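Protein chains: 2
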Amino acid sequence: MRNKVVIIGGGAAGPKTAAKLRRENPNIKIELYTQEEIISYSACGLPYFIGNVIKDVNNLIVRTPEDFRKQNIEIYTKSRCLNVNTEKQTLLIEDLSSGNKYEVGYDILVLATGAIPVIPDIKNTELKNIFTLRTVQDSINIKNKIKESSRAVLLGGGYISVEMLEALVNNNMKVTLIEKNPYILKMFDEDFSQMITDYIINRNPGQITIMTNENVTEFKGNDKGEVTQVITESGKVIDTDIVILGTGVRPNTDFLKDSGIEFGINNSIHVSQTMQTSKFNIYAAGDCTDNFNLVTNRYFWSPMGSTANKEGRCAAINIAGGHCYFDGVMNSTTTKFFNYTISMIGISYKDAIKYGFQPEYATVTKRDKAGYMPNPGMVTLKLIADRNTHFILGIQGIGEGNVNQRINAVIPAILGKTKLKTFMNLDLPYSPEHSPAIDPVLNAAQIICNKINN
Amino acid sequence: MRNKVVIIGGGAAGPKTAAKLRRENPNIKIELYTQEEIISYSACGLPYFIGNVIKDVNNLIVRTPEDFRKQNIEIYTKSRCLNVNTEKQTLLIEDLSSGNKYEVGYDILVLATGAIPVIPDIKNTELKNIFTLRTVQDSINIKNKIKESSRAVLLGGGYISVEMLEALVNNNMKVTLIEKNPYILKMFDEDFSQMITDYIINRNPGQITIMTNENVTEFKGNDKGEVTQVITESGKVIDTDIVILGTGVRPNTDFLKDSGIEFGINNSIHVSQTMQTSKFNIYAAGDCTDNFNLVTNRYFWSPMGSTANKEGRCAAINIAGGHCYFDGVMNSTTTKFFNYTISMIGISYKDAIKYGFQPEYATVTKRDKAGYMPNPGMVTLKLIADRNTHFILGIQGIGEGNVNQRINAVIPAILGKTKLKTFMNLDLPYSPEHSPAIDPVLNAAQIICNKINN
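As given, the protein sequences belong to chains A and B, one line each in that order. Numbered by my numbering, the letters in the first sequence go through residues 1 to 454 in order. Numbered by my numbering, the letters in the second sequence go through residues 1 to 454 in order.
No wet-lab data here; the hints were simulated from the structure. One should not assume that every hint holds.
[Stated by the list, open to error] Keeping only pairs whose Cα atoms sit at most 35 Å apart, straight-line, the calculated DSBU-like set for lysine-lysine is:
(1) A:K55 <-> B:K336
(2) A:K419 <-> B:K336
(3) A:K128 <-> A:K257
(4) B:K174 <-> A:K336
(5) A:K29 <-> B:K421
(6) A:K421 <-> B:K186
(7) A:K451 <-> B:K186
[Said to hold, decoys possible] Covered stretches of chain B, as calculated for chain A (at least 3 residues, CB under 8 Å):
(8) 301–307
(9) 320–329
(10) 360–374
Since we're looking at a predicted model, the values are computed, not measured. Just so it is clear, CB atoms sit at the ideal spot from N, CA and C, and this is done for glycine as well.
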């Protein structure tokens, strides 16, 4: 029976599943429940709204509930799923406006509840003006507070914090980023993290402070209950008007803990390549699921907006009776700090050792055009390969030049297990405006080959 | 015996072979003979010197004879090879300054004589101010003439002509491009050629005329023997001060016709994956060799500066006793017309049919950033795949956006025979500044999948 498909979650994967399923099957009944008021928006765009790059937050919305209703997809906003009964094939839904609870039956269920912020174990996180950034409402709240603020603290040194650094600089704020690890962006090797840190600091001298190896132990507030100070274990006291917690996210799956649905790493929902959970008629997609890592060949958790879209599409095709397989991911990430691209694919050198590979690497810093062309951008690439198999394990790339033109050439090579010796002669198109005669990424491959053979 | 290596040719492949071989073996004797005065320069950069993008032509020179001599590599300029005696292992060299001829012995010979322009069968090609563009001296001659000219005719509609269009526009000239085929850039499908033509014309209205389906039959000159008119078969008369012949090139191999060395297509030198010719101690690299096409699995001829560098490096490694294989190419090409990228990998839709594939394609025009980000560049991609195997056969890309970031993701996927269904879920890194959540190239793959499955 595939008469009624119920989707839980309104971020990226849920709406994508709904829209694709409707295209595949004009008649199937589709209902989508989300605890938020707004559905189908790009959470990745929120820092750019805060940074005034995007003026109207509505531009981040891909489809409105009205758009969906026109396609005969029923949308229930402010409707939270409290639990799933897989025997009865029912959900318990709470209407957050009225507080009413009611049961909803399904033939096929799609879990797309995304991820939620991790609130760190720090004293007084309940103070006013301490924010997380996950929803459109979060971004509106932060933006309103920024208007009357001049100092901010960012907790955590991940991608979101780098994007928020730019947003806060755009608002002329002084920012302190506090990271408990020895360096920020810890998926990178330390050398690359250091270069990124140097770039950030040097671009905005005096405006941005990056503190590493610092544990925040307490927030202090004024008599209105507003945060005013951040206190670290080493005794530092940072005055601030606003705190943004970029201290990670976790799968939004607590409501499933008694459902019998199999969990993967970090309480994510374990899914097969068809996006099915351990229950054949329950699918899951997006940030709430686990992911197969095509480099390490292990399951891990890698919540990404692009993956959510692909997984939602894949789930929809299979629900409609088609055949789609989502093989896995490579933990591919990228962002920009102003004009400076920061990208990472696969695993770092340090993680390659951790996973038992015998990694070798090459780092090159090159122009992204022929040496004689004016206005080149610089790119610095660190390519990592395994000495045993000669397979590529990952690449890190930074710079003001066209980094991702190089990065993207590596991704299918990792997938296809292309050996370094073959990769280094790859026929990337050349013209003086687009690359040196030997592209920097091929140059890096040549250097590793030389190292491995000697 | 590998005591003495003689290299013929001083463009890209020859000097690359010499330099890499010296790094691999500090003691081996290396001599390089070239008929030109200047060696080791980027011919691909010549249009940018003519267009005043590069002020000093010396910037195009990678290494001078003096640089080589410091590495104990003997360079003989203005020294043309007249023939090769593979039995005696000798060359006949003509000193172009004195006219003297002398024999040179070799243990290992490297043929890297490149390509030379095809002079079309048109009346009066010997008139003054009719140029080809292949050497540094050609570019100096053209640039000198341009200074006193206002009108130019470009014959032939290949990449060089597109690059020369920009160079001539930079010199405020009125340009007429004449192509005998129904459309320019004939490696592209006609729809893409038409879009490129429209872009070129619209960017410079009134300054550039593109005539297709026109055969030039005659040049006419004044009493000083200078070209003044171009006459076409259909009766058109175009007044001009200068003509540049972009009517193709051919392998520079006439001197080898009695050598017994096996020729490939178009009188190119047939080489193995080790860059060896049919004589085990004679290698060849660069534009004078044939190439294995990794898409059609046939030998063809694809003279490219990037390939020349890779082949020269490969030959050097093998000569030095190492093991390097150059598997082949995909006819990858790219250039820019001002800010507009033009790229092509693999084969076109029309060629796919010609080669017996059952091609399907998808054309997408998309922003190169998330929809809500300001200042996106547009990219138009045409992805081509085979209905039988689901392998990708080629991609054409144009636009002011970051075309090659997408193009480069396809190349290793062609090499690795990645099926479309796998490719469409490739984990290309996503951030709003770098791409839509589903990259345009993956979107194109999804569309072909839909077409093939329906």
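Now for the hints, and whether the structure bears them out:
1. A:K55 <-> B:K336: Satisfied, since the Cα-Cα distance of roughly 33 Å is no more than 35 Å.
2. A:K419 <-> B:K336: holds (31 Å)
3. A:K128 <-> A:K257: Measuring from Cα to Cα gives roughly 31 Å; hence the hint holds.
4. B:K174 <-> A:K336: Violated - the C-alpha atoms of K336 of chain A and K174 of chain B are around 41 Å apart, more than 35 Å.
5. A:K29 <-> B:K421: Holds - the C-alpha atoms of K421 of chain B and K29 of chain A are around 27 Å apart, at most 35 Å.
6. A:K421 <-> B:K186: holds (32 Å)
7. A:K451 <-> B:K186: Given that 35 Å is the threshold and the Cα spacing comes to 42 Å, the pair is violated.
8. 301–307: Three-residue rule met by the stretch 301–307 of chain B, so holds; n is 4.
9. 320–329: holds (count 7)
10. 360–374: Coverage by chain A holds for the stretch 360–374 of chain B (5 residues, Cβ < 8 Å).
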